[in-house]
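**Q** With the hints as your guide, set chains B and C onto chain A.
Taken in sequence, the protein lines are chains A, B and C. Quick note, the first sequence lines up with residues 316 to 1102 if you use our numbering. Quick note, the second sequence lines up with residues 4 to 177 if you use our numbering. Quick note, the third sequence lines up with residues 861 to 1156 if you use our numbering.
Bear in mind the hints are in silico, worked out from the structure with no lab data behind them. Please note: incorrect hints may appear among the correct ones.
Below, in silico cross-link-like pairs of lysine-lysine (BS3-like), each with a Cα-Cα straight-line distance of 27 angstroms or less [claimed, not checked]:
| id | chain 1 | residue 1 | chain 2 | residue 2 |
| --- | --- | --- | --- | --- |
| 1 | A | Lys646 | A | Lys513 |
| 2 | A | Lys486 | A | Lys466 |
| 3 | A | Lys422 | A | Lys493 |
| 4 | A | Lys338 | B | Lys132 |
| 5 | A | Lys385 | A | Lys422 |
| 6 | A | Lys934 | A | Lys486 |
| 7 | A | Lys385 | C | Lys900 |
| 8 | A | Lys422 | A | Lys401 |
| 9 | A | Lys646 | A | Lys493 |
| 10 | A | Lys513 | A | Lys728 |
| 11 | A | Lys385 | B | Lys132 |
| 12 | C | Lys902 | A | Lys385 |
Letter by letter, the chains look like this.
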Amino acid sequence: MSKVLESGVPAGTEQGQVGRAVKRLESQAKVTGRAEYIHNLEVPGMLHAKVVRSTIAHARIRGIDTQEAKELPGVYDVITGEDILKVIPDPYYGPAFHDQPILALDKVRHVGEPVAVVLATDVHVADRATDLVEIDYEELEPLFHEVESAKSETTFVHDVIRPAGTFADLKTLQPRAKTNVSMEYHLRNGDLDAAFAKADRVFEHTFRSQQVSHLPLEPIVTLAQLTDTGNLLIHTASQSPSFVRIEVARLLGWPENKVRVRTAYLGGGFGAKLYIKLEALVAALALITQRPVRLSLTMEEQFYTITRHAATVTIRTGVTNDGRIVARDCKTWWNGGAYADIGPRVTQKSGFTAAGPYDIEAVSLDSYAVYTNLPPAGALRGFGIPQLVWAYESQADIIARELGIDPLEFRRKNILRNGRPHATGTVMEDVGTVEVLEELARKMRWDEPFDHGSGPIRRGRGLAIGIKAAVSPTTSVAFVNLYSDGSCGVYCGTVDMGQGSDTAMAQIAADVLGLEAESVRVIHPDTEVTPYDMATLGSRSTFHMGNAVRLAAEDAKRQMVALCAEQTGFAPEALAVQDGGVAAPDGSFFTYGDILARRFGMQAGNVLGVGSYFPYYKKPDATTGMSDHITPYWMVGGSGVEVEVDTETGKVRIVRLVTVGDCGKAINPGIVKRQLSGASFMQMGFTLFEEMVFDEGQVVNASMADYKIPGFWDLPEQNEVSIVEVPHRNGPFGAKGIGETGSLGLSPAVANAVYDAVGVRIYETPLTPERVLRALREQQGRVWGDA
Amino acid sequence: MAELQTIRFRLNGRPVELAVQPYETLVEALRRGFQMYSVRESCGQGLCGCCTVNVDGRAVSGCLYLAVLVDGCDVQTVEGLGTLNQLSPVQEAFVECEGFQCGFCTPGMIMMATQLLQENPDPTDEEIKHYMSGNLCRCAAYPEIIAAVHRAAEKLRAQTAAGNTPATAIMAQR
Amino acid sequence: MNPFQLLQPETLEEALSLLNTDDPSVRPVAGGTALMLMMKSKVFTPHTLVSLQRLKPSLSGIRLDDAGDLHLGPLASLRDVERSPVVAEFTPVITQAMQTLSNVRVRNVATVGGHLAHGDPHMDLPPILMALDARVRISGQAGEREVALPEFLTGYYTTVLNPSELITDVVVPALPNGLSGTYLKYTALSADDWPMCGVAAFVRMQGGVVAEARVAVSAATERPVRLTGVESFLRGRRPAAEAFEEAAELAAAGVHPLADIRGSSGYKREIVKVCVRRALEQALAARTRNGGVAHE
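Excised from the complex, chain A in its bound form (with noise of 0.2 angstroms):
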């Protein structure tokens, strides 16, 4: 493990909690089959829901006839937008903004959105009455690139554009009209023209990025009932149980205080459980129905729910002969399907990055939320930053190629360094983007000969850098309970889904209050229970949470030493916390248990620490886009390959995988380099075969038959991880976000090992076979035709 320690940054105590191998908390629990997942929930006298899906891209719906259906034997109802109106008059919802009906009315905007749906105590009912529900469309031209989509002056996805106004950054988003362009958004940092001008070169190339599906394995799922007095308990696998309380609070002109939302263990996020996704409709059919209604995709729904953004990158870049970036300009268009979701902070979030981990004396960005008649796209494991680093680390080999640098080289002398100001403004602190590069050089071993081997089979090798800036403003609200006897209890909002954040949470908690992790219970989201969060996704909870966590654990800690002073009369400061107790300087020893008995006269009572955590944010300049504070920190990830590719079938294989990640601390080293491998490995897939491939709107692979996903024969025969520790400032510990970071430059650095096998580049992922033998022949001249 490479490690770059910095003075003055608070390591692990002498507990060491942090940086131990602490086995995952749910260990047995995951082996047995017992762990809980909302997927596994039934109540007494549960509905079923199945979705009426349209068939059509875009269409005004003329009539829905539900009699048939209704007449099934066995089905409960047919319920239909209409009959969603009585209960919730204004149905439109979403993060960003509120573009998308919990059933459609009038209108339908992509294939596969919920139209209807049937409820019935047997599922196989419901799902049988799914085709006896008739709807009437009347067909409306439909549109599916972004970058058209964008250009069109006719035909609209939506008449309104209504932002939401949730987020901070997004407050001053106006309603808009007569576009399909949901959000935009630009930076203009030093005179663009001037530094072109002292280009000796000029590059531009269009990158493509395809969509692709999350998967997870446990299939989306919510249970929504009323309670005994008339509120809503909506048990639900998301990512973000605070947001879904606010949302459907909101949509029913609510209190937060009457709409209870919990989860468990989630089998599998990645970003497709994010925000508000069945939970609106199904606290709406739990209305409706006065009944507990449960709705799980089926894998085939699960494709036209949620999807990564397809995207189109257009960038130019002016460089100097002796290999300095002077000027970049970068134009992306992202796809985010019918509905907004969270496409418009992708927009923002990710377009700002745009430029890269570089030093770049005048930047350009501009970035297009644009809708389309296709499913709609959110955040996937990176939010937008890994379609971005596609662009401008392919860009970045063939720039170095061309100026006969090495790409190493290249890169090094165009590196964004600390203290040195980002394009938007922001001054890098505590980045580990010099020591990710380097470690990935030596890890690739890039200063030693390369066999490119002969005949059919070639091999190559390529590397690539990315960044990305943690989504802000976000907030984390932890409390750590010492209960009676002295155990523990942290309580916040943070679904494991798979990352480990139990973990790392009782490890931190446990750090701060000499306890052993193993000890601590960490108490699932429950908004009744947990304090909010504001989401699980992007990295974000080790350093928002974590810090929550810390500040709640100390704030208990000096509750219970104040207690202990109070009963031994030492100072506060004589005190210390080790072992589950307190330690004065007689030698005696209090447990925390023995304080709070000695204060209640009997075990009674308990000590509830608070903490709370919001970093400092300021939004970018409506005109320059720019910002002195635009993100907490930053994530830098690296990866390089060797591949070997088959010249005569265009198969590429990746035989060795290296991904290196700046994590700031390893709160827990085990689960950070696992999370570096996972995001790799899945990165992988969308490198070298993930596609959604769609026929009219219709995704014509919605199956894990022919929507392939990398399993045990995909692995590289050698995969190497390295954990960069360059500490934050402000991290717990020093620890930043690693769940990204391993996504976000494998794709451009299988292209450039491609390039560097058999001197083709592929611009569009992923790199299928027949993408690479087609480039291949079209270099010899000799391209088939049709058989």
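**A** Chains B and C in isolation, oriented as in the chain A frame:
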């Protein structure tokens, strides 16, 4: 609605019976009738392995297997391998090697690994990949799962060396 | 799934009589892996399924007869085939092809008969059996008949089987001495994907020239096909690189792949060319290492 049919079978060693619809799948019946929540339908096409169930000593995809067909059979799920306090050697190995992240695919992985080790007590990486390739992990904990299978194999070999039969070694030792 | 009734006959005669009906929604089901998928997606909504499970004891044998012909019982699971020493001795090509066919759970349940009767061109066994001149024995109420595999598989998901007929045996004639072969499977997406192209190739050498070549292609084509033109071209030739190259060109010219998400028709034709050439090279090399399977 078709007629219910009562089936009798052994579930994790105990005799049980359940009235099922002819079209009910094994995963549906095991969850509805016996709360065997380790058996999970994800892809619904027998490709991901989350619904892996052992029927008469053979791993099958519970999502593609009609429940009526287990009448008279011996059915095993992860619930029958070990308990929270007494894990089976394969379960222990998955904990030690951290062979999971979100845990949703884990019971299926453990069922397949258990069956593999009964057939082949010392599999190579290649053999593990062949056997497990029908189980998918979206968190991509594949390297750790392979390590866990090797670790489990060591544990089982130690047990058989100590005189346990392979059939008893695979279960949690009580 | 839609409701249906499941009948479980005890004998072949009983099964055939249950199937002898004009109702098109009565279907036999063996392992059911393919049928369950069709029923779950409501592509197929039967009223009655006739389960063949109880016929398994009499129709799942794998054996060699006195003439050395291999008999695969239609209700033998693909896993039975994979693990059969009889099959491995007969040709390791089948044994090894089984290891990459779908997954262990499917192979535990799916049967030889179902695998053939499904008529899916992406299956791995049909091209191998076709190259080995296998025949399918079929029973119906009207009697028995035997059909060679190329005639059995009539098109995309279609076979010569009548709805009231069942496969009762699959016969692979004894292999001539010195026939070595391979099955080459090309996947375009993940490694565990369905094949985009499958090639079974067998060669027999005599006096330094190819005495016999057998080549069958599947997956890229709408049904598995024997490339007889390629076979006759190779006969009598020295197994030089140029000959295999030319044979591969011939193979590609003779197939008409369908475009799908895995590749365009033109690309698939290129892949057929590469796979046929590589399969022939491997089949030749397999003489010294006793057959095999390659996964590209």
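**Q** Now tell me, hint by hint, if it's right for this structure.
**A** For each hint, the structure was consulted:
{"no.": "1", "hint": "Lys646/A to Lys513/A", "in the structure": "21 angstroms, holds"}
{"no.": "2", "hint": "Lys486/A to Lys466/A", "in the structure": "25 angstroms, holds"}
{"no.": "3", "hint": "Lys422/A to Lys493/A", "in the structure": "16 angstroms, holds"}
{"no.": "4", "hint": "Lys338/A to Lys132/B", "in the structure": "25 angstroms, holds"}
{"no.": "5", "hint": "Lys385/A to Lys422/A", "in the structure": "23 angstroms, holds"}
{"no.": "6", "hint": "Lys934/A to Lys486/A", "in the structure": "10 angstroms, holds"}
{"no.": "7", "hint": "Lys385/A to Lys900/C", "in the structure": "22 angstroms, holds"}
{"no.": "8", "hint": "Lys422/A to Lys401/A", "in the structure": "18 angstroms, holds"}
{"no.": "9", "hint": "Lys646/A to Lys493/A", "in the structure": "21 angstroms, holds"}
{"no.": "10", "hint": "Lys513/A to Lys728/A", "in the structure": "17 angstroms, holds"}
{"no.": "11", "hint": "Lys385/A to Lys132/B", "in the structure": "49 angstroms, violated"}
{"no.": "12", "hint": "Lys902/C to Lys385/A", "in the structure": "20 angstroms, holds"}
Checked against the numbered hints given earlier, the structure breaks only hint 11 and satisfies all the rest.
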